[in-house]
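Dock chain A against chain X, hints included.
There are 2 protein chains.
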Amino acid sequence: MTSTAKRDTYTPESLLAVAVEVFIERGYDGTSMEHLSKAAGISKSSIYHHVRGKEELLHRAVSRALNGLFGVLDEEGAREGRAVDRLEYVTRRSTEVLMADLPYVTLLLRVRGNTDTERWAMERRRQFDHRVALLLTQAAADGDIRSDVDARLATRLLFGMINSVSEWYRPTARGPHSGAEVADAVVAMAFAGLRLP
Amino acid sequence: MTSTAKRDTYTPESLLAVAVEVFIERGYDGTSMEHLSKAAGISKSSIYHHVRGKEELLHRAVSRALNGLFGVLDEEGAREGRAVDRLEYVTRRSTEVLMADLPYVTLLLRVRGNTDTERWAMERRRQFDHRVALLLTQAAADGDIRSDVDARLATRLLFGMINSVSEWYRPTARGPHSGAEVADAVVAMAFAGLRLP
Numbered sequence: 001m002t003s004t005a006k007r008d009t010y011t012p013e014s015l016l017a018v019a020v021e022v023f024i025e026r027g028y029d030g031t032s033m034e035h036l037s038k039a040a041g042i043s044k045s046s047i048y049h050h051v052r053g054k055e056e057l058l059h060r061a062v063s064r065a066l067n068g069l070f071g072v073l074d075e076e077g078a079r080e081g082r083a084v085d086r087l088e089y090v091t092r093r094s095t096e097v098l099m100a101d102l103p104y105v106t107l108l109l110r111v112r113g114n115t116d117t118e119r120w121a122m123e124r125r126r127q128f129d130h131r132v133a134l135l136l137t138q139a140a141a142d143g144d145i146r147s148d149v150d151a152r153l154a155t156r157l158l159f160g161m162i163n164s165v166s167e168w169y170r171p172t173a174r175g176p177h178s179g180a181e182v183a184d185a186v187v188a189m190a191f192a193g194l195r196l197p
Numbered sequence: 001m002t003s004t005a006k007r008d009t010y011t012p013e014s015l016l017a018v019a020v021e022v023f024i025e026r027g028y029d030g031t032s033m034e035h036l037s038k039a040a041g042i043s044k045s046s047i048y049h050h051v052r053g054k055e056e057l058l059h060r061a062v063s064r065a066l067n068g069l070f071g072v073l074d075e076e077g078a079r080e081g082r083a084v085d086r087l088e089y090v091t092r093r094s095t096e097v098l099m100a101d102l103p104y105v106t107l108l109l110r111v112r113g114n115t116d117t118e119r120w121a122m123e124r125r126r127q128f129d130h131r132v133a134l135l136l137t138q139a140a141a142d143g144d145i146r147s148d149v150d151a152r153l154a155t156r157l158l159f160g161m162i163n164s165v166s167e168w169y170r171p172t173a174r175g176p177h178s179g180a181e182v183a184d185a186v187v188a189m190a191f192a193g194l195r196l197p
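These protein sequence lines are chains X and A, in that order. Heads up, the first sequence is in full-length UniProt numbering, so the first residue is 1 and it goes up one at a time. Heads up, the second sequence is in full-length UniProt numbering, so the first residue is 1 and it goes up one at a time.
Here chain X stands alone, though its shape is the one from the complex (with noise of 0.2 Å):
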């Protein structure tokens, strides 16, 4: 093959794809335009015929995961009913979209804040886990869920279940649980815990 023709086979979205599994890999920092064009296997040049460089890259990884993530908050199932449905719901959508976006999700959960763009996927982050703990405040405040917990904890302890799964599920037949046994997992334990009464 042609560097042509391999050229011709690469799109924003699978160029995308490639350079954030190299930003998973060396870390955003540690990764040079360089590195991207020997693993997608194109030429620097025609790298930044798609992307101004390499913060474009990471600006279009992040914003996938948190426009995955801020979308769960405007489906039906996170703005109707009580506050303790609407966070289950929530915990359960935020599951499965980590499952299904692993890479771009895994990135901005490494994300750390050197640069404009890490910053502000920093910022979103905060937006939306302030959104959940508004959630959670108001759950406690209906009686449903324990108050005992101060809800920006909660959150965090919340998301750190969540994200965890980042560390150990891969979405392959052969995985050694599916993601739907996963997202039920989750949601039992976060909100009936592991003790039966």
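I should point out that these hints are in silico values taken from the structure, not numbers from a laboratory. Note that beta-carbon positions come from the ideal geometry of N, C-alpha and C, so glycine has one too. Treat each hint with caution, since some may be false.
As the list claims (entries may be wrong) - Across the chosen pairs, the derived CB separations fall in these ranges:
1) X/Asp148 with A/Arg170: 20 to 26 Å
2) X/Lys38 with A/Asp116: 25 to 31 Å
3) A/His35 with X/Gly71: 17 to 23 Å
4) X/Glu56 with A/Asp74: 49 to 55 Å
5) X/Glu76 with A/Asn67: 46 to 52 Å
6) X/Arg112 with A/Asp142: 23 to 29 Å
7) X/Trp120 with A/Glu55: 33 to 39 Å
8) X/Leu196 with A/Glu34: 33 to 39 Å
9) A/Gly71 with X/Glu56: 44 to 50 Å
10) A/Ser14 with X/Asp142: 22 to 28 Å
11) A/Glu34 with X/Glu56: 32 to 38 Å
12) A/Ser14 with X/Gly41: 45 to 51 Å
13) A/Ser45 with X/Thr115: 34 to 40 Å
14) A/Asp148 with X/Glu167: 20 to 26 Å
Just chain A, lined up with the frame of chain X:
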């Protein structure tokens, strides 16, 4: 201060503390003896006076974390009583060990397995998780915890929640949550869940 005076103030313990911070910041792979020398403010030969190289520092650091975690399993609360209570004890104490030895456990959680020491640490972590999964299986067999979540999956989610504390907990008086508050919240969420009956 002369470099001799500086060197004399270093102990294996304080050198280890500096090395762990550098490993966490740069990644173990990305850390050279030069980086360690600069961060510690002592010459490379002074470091070699204490240790054979950076892998020995990694080994000492993750050993400290692993000894803390396995030590929990030897405590009376983890050995005696019903499995569900032993599991709850291990959950609380693992959270406390993480907060008490925060940088060491954080480093352990980030180890990825390119050297013998990293592979050994990952294997020891798996052994620890396996011990907890056995407790969980026993508690389910006793009818004390839910049996609709696979024990291995439940262990992963449980430690996903516990270990996520390393991402934001800082043991300062000005931290948003005290260590006791965090340990209580982890136990409450993991065993009783958020939703009130």
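(request) If any of the earlier hints don't hold here, list their numbers in rising order. (result) 3, 6, 8 and 10
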